[in-house]
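Student: Assemble the complex: chain A is given as a structure, and chain B with the ligands must be docked to it using the hints.
Going line by line, the protein sequences match chains A and B.
Sequential numbering of the first sequence, starting at 1, is according to this note's numbering.
Sequential numbering of the second sequence, starting at 1001, is according to this note's numbering.
Treat each hint with caution, since some may be false.
[Said to hold, decoys possible] Listed below are the simulated DSS-like cross-link pairs for lysine-lysine, each with C-alpha atoms no more than 27 Å apart in a straight line:
no.	chain 1	residue 1	chain 2	residue 2
1	B	Lys1211	B	Lys1136
2	B	Lys1136	A	Lys102
3	B	Lys1136	A	Lys116
4	A	Lys80	A	Lys116
5	B	Lys1211	A	Lys80
6	A	Lys102	B	Lys1211
7	B	Lys1136	A	Lys126
8	A	Lys9	A	Lys166
9	B	Lys1136	A	Lys80
10	A	Lys166	B	Lys1136
Calculated from the structure, these hints are not laboratory results.
Predicted model, so just to flag it, every value in this text is computed and none were measured.
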Amino acid sequence: MGDSTGSTKHLVEIDDVSKNFGANQVLRGVSLSVDRGEAVVIAGPSGSGKSTLLRCINALETIDSGEIRFEGRSVSAAGKDVYGLRAEMGMVFQQFNLFPHKTVLENVTLGPVEVKGIDRSQAVSKAEELLARVGISEKASASPADLSGGQQQRVAIARALAMEPKLMLFDEPTSALDPEMIREVLDVMRDLARDGMTMIVVTHEMGFAREVCDRLVFIDEGVIVEEGPPDEFFTAAKSERARDFVDKILHH
Amino acid sequence: MGDYWNVLRNNFPEIASGFLMTCRIVAVAFLIAMGVGIFVGALRAAPSKMLNRIGLVYVEFFRNIPLLVLIYIVFYGVNQADIVSLDRFVAGALCLGLYTAAYIAEAVRSGVFTVGRGQMDAALSLGLTQREALQKVVLPQAVRTVIPPIGSLIIAMTKNSAILGGALGVNDILHRTRQIYNDNFKFAETFLWATLAYLILTVSVTIIVRKLETRLAIRR
Ligand SMILES: Nc1ncnc2c1ncn2[C@@H]1O[C@H](COP(=O)(O)OP(=O)(O)OP(=O)(O)O)[C@@H](O)[C@H]1O
Ligand SMILES: [Mg+2]
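This is chain A alone, in the form it adopts within the complex:
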């Protein structure tokens, strides 16, 4: 895609992005930059466009106007390069989306083998390393269905990490989990952030946001209403809408 006029100071640059689903304006002029090594939380009410924003970043959705750049390269105009761009970003979904017809280990090796063309035995040892890192080495040959939700989500994280991404996108990674399993997934994510991974996380886990994240972005009806340090947001949000939102999750 040749040269990029934008600076490559930021890892991700979202520039005045709008996205419609038919008549439904889901993102309306969203601009946001994320630096290398930064962990950013995106919060907002249901239907505000959080998932859509994440999906636009790795081109699972197309955008209607504006531009998204990753390392200065346009995602929206990537054409066939979109596959290469996606390979450099990991994504973790609310519903895990593990491949049910493959073992845990195969879930983790699929990307490196198929996309990067890495030698299978090498991919396997890398996958075993990653499974150990997320604490599920003993389940390598199990089927995803035999794992608890928390374990499945940790495998999903390992699967994304196997591609050695420069950016990790998390879309409500703990919302589908039983309370006792949320911790184990958040712990893995916290370690990742500590190791310097750049992360954009959609979550309502306030503890995680305050402890781990550098910045919180509050989005409502497709517009970024405010952004700043997570602590400030939870204690002293500037806008009425944000205060309402904090109120709701506090009394949830």
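Tutor: Chain B with the ligands only, in chain A's frame:
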């Protein structure tokens, strides 16, 4: 009862060879039907309108033409056009396979849609292309969910294979049985064995399908 056994005893080599011929037809048509059916089903489920349309034309063409007419067109048509000369067996098995493929394609397509969007998303997010994602992630799951309907289609195909004997004179179960009947004029005594031979085949297919179903079942 003795008459029945006599017919079998006197004509066993013919009946057996008819049985084997039907097995051969079914095996060849099966390979064609599965290969083409999965491919066309993938076209039908592909994210491109053009590919969908190509798949749809295939499906509509083969579903809307009687198998017998198709076989006549291919066998007599192609041979009269004198471009290539088609063996009766080849022409028949090809038609039977292509015809069944249209139904398998529709089954595969509906199977693809039972595999959730999240699977495609997850595969794409790893950097797989649409095609790789279909090949490695969506289709393997789709095929498993459609084993039972495909089983029924293969059973129907097994029975339809009798058209090759009936219309083209391929030496299958039906054709052999008819020859025997033309010699002995014992209808029930002769056709009982044809019925049993087809039954053995269809029951075998049913058992194989059941086995596959349990073997390949995806636990969720
Ligand atoms: N594929 C789609 N087709 C049509 N509309 C969609 C699609 N995906 C999302 N939407 C709509 O876009 C809006 C924003 O959805 P989105 O999933 O981004 O919200 P969200 O902030 O992630 O909400 P939640 O907290 O419930 O996950 C909603 O009105 C939703 O109905
Ligand atoms: Mg969402």
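Student: Work down the list of hints and note, for each, if the structure agrees.
Tutor: Now for the hints, and whether the structure bears them out:
For the suggested pair lysine 1211 of chain B and lysine 1136 of chain B, the alpha carbons sit about 23 Å apart, so the restraint of at most 27 Å is met. This hinted pair checks out: lysine 1136 of chain B and lysine 102 of chain A have alpha carbons roughly 10 Å apart, not beyond 27 Å. For the hint linking lysine 1136 of chain B to lysine 116 of chain A, the alpha-carbon distance of about 15 Å falls within 27 Å, and the restraint holds. At most 27 Å may separate the alpha-carbon atoms for a hinted pair to count; lysine 80 of chain A and lysine 116 of chain A meet this at roughly 16 Å.
Note on lysine 1211 of chain B and lysine 80 of chain A: the hinted pairing is violated, with a Cα-Cα distance of about 42 Å set against a maximum of 27 Å. Simply put, lysine 102 of chain A and lysine 1211 of chain B have alpha-carbon atoms about 20 Å apart, close enough for the 27 Å limit, and the pair holds. Proposed proximity of lysine 1136 of chain B and lysine 126 of chain A is supported: the alpha carbons are some 21 Å apart, at most 27 Å. Restraint check: the Cα-Cα separation between lysine 9 of chain A and lysine 166 of chain A comes to about 14 Å, which is no more than 27 Å; the hinted pair holds.
Using a Cα cut-off of 27 Å, the hinted pair lysine 1136 of chain B and lysine 80 of chain A holds, with the two alpha carbons roughly 19 Å apart. Taking the CA atoms of lysine 166 of chain A and lysine 1136 of chain B, the gap is about 24 Å. The hint holds against a cut of 27 Å.
Violated hints amount to a single one, hint 5; each of the other numbered hints is respected by the structure.
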